[in-house]
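The primary structure of each chain is shown beneath.
2 protein chains.
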Amino acid sequence: MVSELDAICIIKKELRVESGFEDAECIPYKGKNIVATTDMLTEGEDFPPGLSYEGIGWNTVAANLSDLAAAGAKPIGVLVAWGLPREIPPDGIRQIAAGMSSCARAHKTRVIGGDMNETDKIVMCGTAIGVARYPLRRSGAKPGDILALTGKLGASAAGYHLFWSKKQKLTLTEEAIKKRFERPIAPTQLMSELNLRGLVHAATDISDGFAAAVHNLCSASGTGALIEYIGLPFFEGVEEFCKKSGKSPLELINLSADYEVLAAIPPECFLAAKRTAERHKTHLYEVGTVLKKEVLLEKDGKISPLSCNGFFHFR
Amino acid sequence: MVSELDAICIIKKELRVESGFEDAECIPYKGKNIVATTDMLTEGEDFPPGLSYEGIGWNTVAANLSDLAAAGAKPIGVLVAWGLPREIPPDGIRQIAAGMSSCARAHKTRVIGGDMNETDKIVMCGTAIGVARYPLRRSGAKPGDILALTGKLGASAAGYHLFWSKKQKLTLTEEAIKKRFERPIAPTQLMSELNLRGLVHAATDISDGFAAAVHNLCSASGTGALIEYIGLPFFEGVEEFCKKSGKSPLELINLSADYEVLAAIPPECFLAAKRTAERHKTHLYEVGTVLKKEVLLEKDGKISPLSCNGFFHFR
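Sequence order for the protein chains is A and B.
FYI, in my numbering the residues of the first sequence are 1 to 315.
FYI, in my numbering the residues of the second sequence are 1001 to 1315.
The set of hints was computed from the structure by calculation and includes no laboratory data.
Keep in mind that the hints are not guaranteed to be accurate.
Unchecked claim - From the derived model, a few chain B residues whose C-beta atoms are all more than 12 Å from chain A:
#1 Pro1028
#2 Gly1050
#3 Leu1084
#4 Arg1094
#5 Met1100
#6 Lys1108
#7 Gly1113
#8 Gly1144
#9 Lys1152
#10 His1161
#11 Phe1163
#12 Lys1169
#13 Glu1175
#14 Ala1176
#15 Arg1183
#16 Gly1231
Unchecked claim - Which chain A residues face chain B? A few, computed with CB under 8 Å, are given here:
#17 Glu25
#18 Ile27
#19 Gly77
#20 Ala81
#21 Arg94
#22 Met100
#23 Cys125
#24 Trp164
#25 Leu297
None of the values given here were measured: they were computed from a predicted structure.
Just so you know, even glycine gets a beta-carbon here, dropped at the ideal spot from N, CA and C.
Same shape as in the complex, but just chain A (with noise of 0.2 Å):
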């Protein structure tokens, strides 16, 4: 079989497109950017089971916004494209539809429309639209820039984890990392401001992963990074739950689809850029620089290459 990378490979040489497969696709219009992105969600792959249907429907939203997130672009529409087997009550659709309806709200913004298919398992692909003067790249980012996360990392992989575990008794924190799980939010607010404030050189989605990111970011800007892990923000909870389940923390947010964005921003800016999360009610957290060369991690006083095993589909 072949890789995912492989397969995209395959198909950005055949498209003759560079930037395809990235966190969100831009077409340049009336002197601004159209920034759309489309994310397919799975049952199984993406849906546990046990996540209700509202949590179905919010995290297919939600997957699609992150990536605007990270382009800094301001959404204006979701799209939906539904796969559901014959089986699944009215009421399953119509809390399907709530989900989403209640996190294009909680972003700003609304699901317009769609399509509708017959599937054997739940299969929901959205397709989010934005607008962005100039979407941020994951190229862009200098020597001497802070490292910084839109949020706290890990919820998504232990809860991913503890819907599989269909564990019935769960602790205060296991309710909330399984809460986070069902209604993530995406910092599309956040970073469409600072975006437009200029205060970003570079950012990406951590789907694939926290250390993922990192690379992607790095290789596409043509440098490297420090990331200390003391400063990695961990959702509450998740360093409990890997204490339990035998995983380490790095190990864990190395498979999560957080929906969180790492952002490269000059130092000269970071002061301006927290202020700005502050008045989104939310924070930044620096969690590295970026170097020339290498991709390397600091931790317990020591450092070492930073190693990428992101989450791939086909392994």
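Since the structure of chain A is already known, use the hints to place chain B on it.
Chain B only, in chain A's frame:
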């Protein structure tokens, strides 16, 4: 099981969208409209066995462009989310991409990116994005308008059936039908120009079949229509195919998803519209007239209600 129309009704109510799940959705932007549409196609349901990988790629793009054509929008880009089974050979992936690329080029647009997923069967979900100052809608037809089709009917349903029949020795016309099924062309260029020149009152694609298209357009416009059977343009060999298979041509075109558009054109504009079609090396076929109330069919001198049996999922 809920019907497709009921499912869409539940979703539209929950999302509070009135026109959603029509041909394409519009987002007002800078004095124009961004027109976006999404269409999911699946192995078995939309891609019959024996359809080439190139045909899969081509149809994915054409189905989405067809919705833009109905809105009279000029395409500016296409995204595709790929769901692939892990057994697919690398060259199959390449051929699907090549089919997409050729189809986009034939419609003067590009596939700019997408998303990659693992699925049990092939699931391709496209999104086409276009622009129009005044997007066409299903509503707006007026009594007296001429109903016209942008191309011939039946190749889609007959081609689909021929693929499924797995017949080895095909006649020349059967070969032509299969070829048309594999590489349909949507009238994006023609419809976008007709719309730009203000020659069309209302339009819809005929993805749910011809009769459903007539009923949809009439119901949205609050009108009726008289369809003249003798004016219906059948693709070469379709009537012969119908004789052999025991289906009536009218049944057949109600099952088909020919990527053509049904347009309501004021009589005083029809000559100009026909000239425009000629310049695009294509043809507008006059198939009926918009009436005040009933939706009727005239065949062999007899007038009867036009029955509406389109293709729907979950049946």
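Verification of the hints:
Some Cβ of chain A comes within 12 Å of the Cβ of B/Pro1028; the nearest lies about 9 Å off, and the non-interface call is violated. The claim that B/Gly1050 lies off the interface holds: its Cβ sits roughly 21 Å from the closest Cβ of chain A, which is beyond the 12 Å cut-off. At roughly 7 Å from the closest C-beta of chain A, the C-beta of B/Leu1084 falls inside 12 Å, breaking its exclusion from the interface. Under the 12 Å C-beta cut-off, the non-interface status given to B/Arg1094 relative to chain A is violated; the minimum distance is some 5 Å.
The Cβ of B/Met1100 sits about 7 Å from the closest Cβ of chain A, inside the 12 Å cut-off, so the non-interface label is violated. Even its closest Cβ contact with chain A, about 14 Å, leaves B/Lys1108 beyond 12 Å, as expected for a residue assigned away from the interface. Residue-level check failed: B/Gly1113 sits 3 Å from the nearest beta carbon of chain A, not beyond 12 Å. Non-interface call for B/Gly1144 relative to chain A: holds, since the shortest CB-CB distance, roughly 31 Å, exceeds 12 Å.
The non-interface label for B/Lys1152 is consistent with chain A: the shortest C-beta to C-beta separation is roughly 25 Å, beyond 12 Å. A cut-off of 12 Å between C-beta atoms confirms that B/His1161 is not in contact with chain A; the least separation is 19 Å. No Cβ of chain A approaches the Cβ of B/Phe1163 within 12 Å, the least distance being about 19 Å, so the stated non-interface status holds. No Cβ of chain A comes within 12 Å of the Cβ of B/Lys1169; the nearest lies about 33 Å off, and the non-interface call holds.
Listed as outside the interface, B/Glu1175 is consistent with that label: its C-beta sits roughly 27 Å from the nearest C-beta of chain A, beyond the 12 Å cut-off. Taking the minimum C-beta to C-beta distance to chain A, about 27 Å, the non-interface status of B/Ala1176 holds against the 12 Å cut. Every CB of chain A lies more than 12 Å from the CB of B/Arg1183, the least distance being 17 Å, so the non-interface label holds. No Cβ of chain A comes within 12 Å of the Cβ of B/Gly1231; the nearest lies about 30 Å off, and the non-interface call holds.
A cut of 8 Å between beta carbons decides the hint on A/Glu25: the least distance to chain B is about 4 Å, and the hint holds. With its C-beta approaching chain B no nearer than about 5 Å, A/Ile27 sits inside the 8 Å limit, and its interface hint holds. Evaluation of the A/Gly77 hint against chain B yields a held restraint, the C-beta minimum of about 5 Å falling below 8 Å. Of the supplied interface hints, the one on A/Ala81 holds, with its beta-carbon coming within about 4 Å of a beta-carbon of chain B, less than 8 Å.
At its closest, the beta carbon of A/Arg94 sits 5 Å from a beta carbon of chain B; the interface hint therefore holds under the 8 Å criterion. The criterion of a C-beta within 8 Å of any C-beta in chain B is met by A/Met100, whose closest approach is roughly 7 Å, and the hint holds. With its C-beta approaching chain B no nearer than about 4 Å, A/Cys125 sits inside the 8 Å limit, and its interface hint holds. With a cut of 8 Å, the hint placing A/Trp164 at the interface with chain B is violated, because the nearest CB-to-CB distance is about 17 Å.
The restraint placing A/Leu297 at the interface with chain B is violated, with a minimum CB-CB distance near 28 Å, outside the 8 Å limit.
Going through the hint list in order, the structure does not satisfy hints 1, 3, 4, 5, 7, 24 and 25.
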